[in-house]
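Read top to bottom, the protein sequences are chains A and B. With numbering that gives the first Met the number 0 applied, the first sequence corresponds to residues 0 to 215, in that order. With numbering that gives the first Met the number 0 applied, the second sequence corresponds to residues 0 to 275, in that order.
Keep in mind that the hints were calculated from the coordinates and are not lab data. Given the structure is predicted, the values throughout are model-derived calculations rather than measurements. We put the CB at the ideal spot given by N, CA and C, even for glycine. Please note that the accuracy of each hint is not assured.
Here are the in silico distance ranges between beta carbons for each label pair [what the hints assert, rightly or not]:
1) B:Leu260 <-> A:Gln109: 41 to 49 Å
2) A:Pro214 <-> B:Thr194: 37 to 45 Å
3) A:His7 <-> B:Glu192: 22 to 30 Å
Just a sample of chain B residues kept apart from chain A, beta carbon distances all over 12 Å, derived [claimed, not checked]:
4) Met0
5) Ser68
6) Leu184
Letter by letter, the chains look like this.
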Amino acid sequence: MIQVSELHFSTEDGIKVLDDVHLHVDQGELVYLYGPPLSGKTLLLGLLSAHVPPQQGQILVYGRNVTRLSRQKTLDLQRRIGLLPQGFVPLPRTVMGNLLFKLRLLGNFQEQAEEKALFALETCALLQQQGEDAEMLSSADRLRLGIALSLCDDPLLVLLDDPLDGLESQQQAEICQLLRRLNTIGRTVLVTGRATMPTLSAERELLLADGAVIPA
Amino acid sequence: MNPFFLLFREMLGAIRARTALYLTLVGVSILIFLAAMSFLLLSTTAADDATAYADSEVLVILSAQLSSSAIDDFYLEVRARSDVRSVTLRFAEDVLPGETGPRLLINAVSAEVLDRLSEELLAMDGVVRVEGPAAEFANLNGIPLPGALRIGLLAILALGLAGCLLSARYGFRALLRAFAREIRLLRLSGVSERTLVQPIVLLGVLLGFLAAFLLVLIGAVAHVITVAGAGFLGVVQWGAVAQTGVLVVVLGIVLGGLVGLLGAGTLGGREFRPFA
């Protein structure tokens, strides 16, 4: 699913953020990648999802070399990846409205969009709140909505950037349970965080430190 | 609904009072720009006004279908009238380029008989219309503008353009900031830049079109009022008004589109990028 090799990335000031990163994630895996703040986790997800152009190295996602994709193929790849950014803030709409906005603009017909949205909401246990104002949700439910948004258009790969940050332990446990459920329904999930997360029961935990990925 | 129109509708939904004010200013600026432009298009230079008519002159427009013998008969009949001092046959091309049909420039014995003469001429066979007073008809080619007014119009033109660009910059930025979360989400989801840019350009085009349409409407109403008040065709022919109207609408659409493109340039900002 993901194959990263010899990946290097430096800031404009010349600071090395990623230094010879090697990463391999198989299809259907649940991988947890953690590291201290500013270690490059968000950057790595940006590179994997083709939102940040790589400087050096090779990134294969779905067998496609991200560094050599045309503009259209990059967009196609981005559509097949569900990405939840760090500090997700919902749109000023209802919970259902958030999902329909994305799905309709990605070309889904109304009925199809509603069907996909309901499935995503059901998976994330948000069906009851579908008519509520998304901005009024609790932090855990906002996160559920973010996850629902990232998986609503049937991606095979879901990238979640530091989703558990700021949650209480009970909420973290519930979200971890949700992430495991996503994994069991066939999604490849790569989650980032700041510290180890035993409650996630990830198949692999990796540490990103000093610009390199090492098994924890 | 098509994603393009859906996004456009959602974008319109993000318009707040301040954004609406800026966008209205964009429209008003475009209107001012186009108004100055259309005055300049309709105006004549001093050289165009060289033909001068006396107060006692009237122009008779004959049907283009008239045979040469019928025109001769008409000419002789008019010349024989006691209230007519002289008759000059002119071709339409001499007076108004692009128009056809013979015209008779009639010099009455005095300005007092002009009204009655005009009515009687209008009742004669083959007469399409009678225009006067001649002094105003002399400017049928356009509105005579002195040099200073021309410079003033050019200044208004520049001001309108500057106002338009400035208000567009602030207006579109405010609009897109209110829509920033949606834009970031769409970019994360792999929506193309073209999809994001198109509704913004359409909004600019709509603003330009509305401004131009309003201007044409105002121009047409003003023209009709002028005609009704003065009892003649006005200082500018309907053809010229219509032609300028079409040109103004096209210019409005183009200018609006360019303004929209300028607004879409805001999308390059860091706040709209998911990985800034």
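Consistency of the hints with the structure:
Checking the proposed 41 to 49 Å range against Leu260 of chain B and Gln109 of chain A shows it is violated: the Cβ atoms sit about 31 Å from each other. Restraint check, Pro214 of chain A to Thr194 of chain B: a C-beta distance of roughly 41 Å satisfies the suggested window 37 to 45 Å. Range check, His7 of chain A to Glu192 of chain B: Cβ separation about 28 Å, and the 22 to 30 Å hint holds. Residue-level check failed: Met0 of chain B sits 8 Å from the nearest beta carbon of chain A, not beyond 12 Å.
Listed as a non-interface residue, Ser68 of chain B keeps its Cβ farther than 12 Å from every Cβ of chain A; the least gap is roughly 72 Å. The Cβ of Leu184 of chain B does not lie farther than 12 Å from every Cβ of chain A; its closest approach is about 6 Å, which violates its non-interface assignment.
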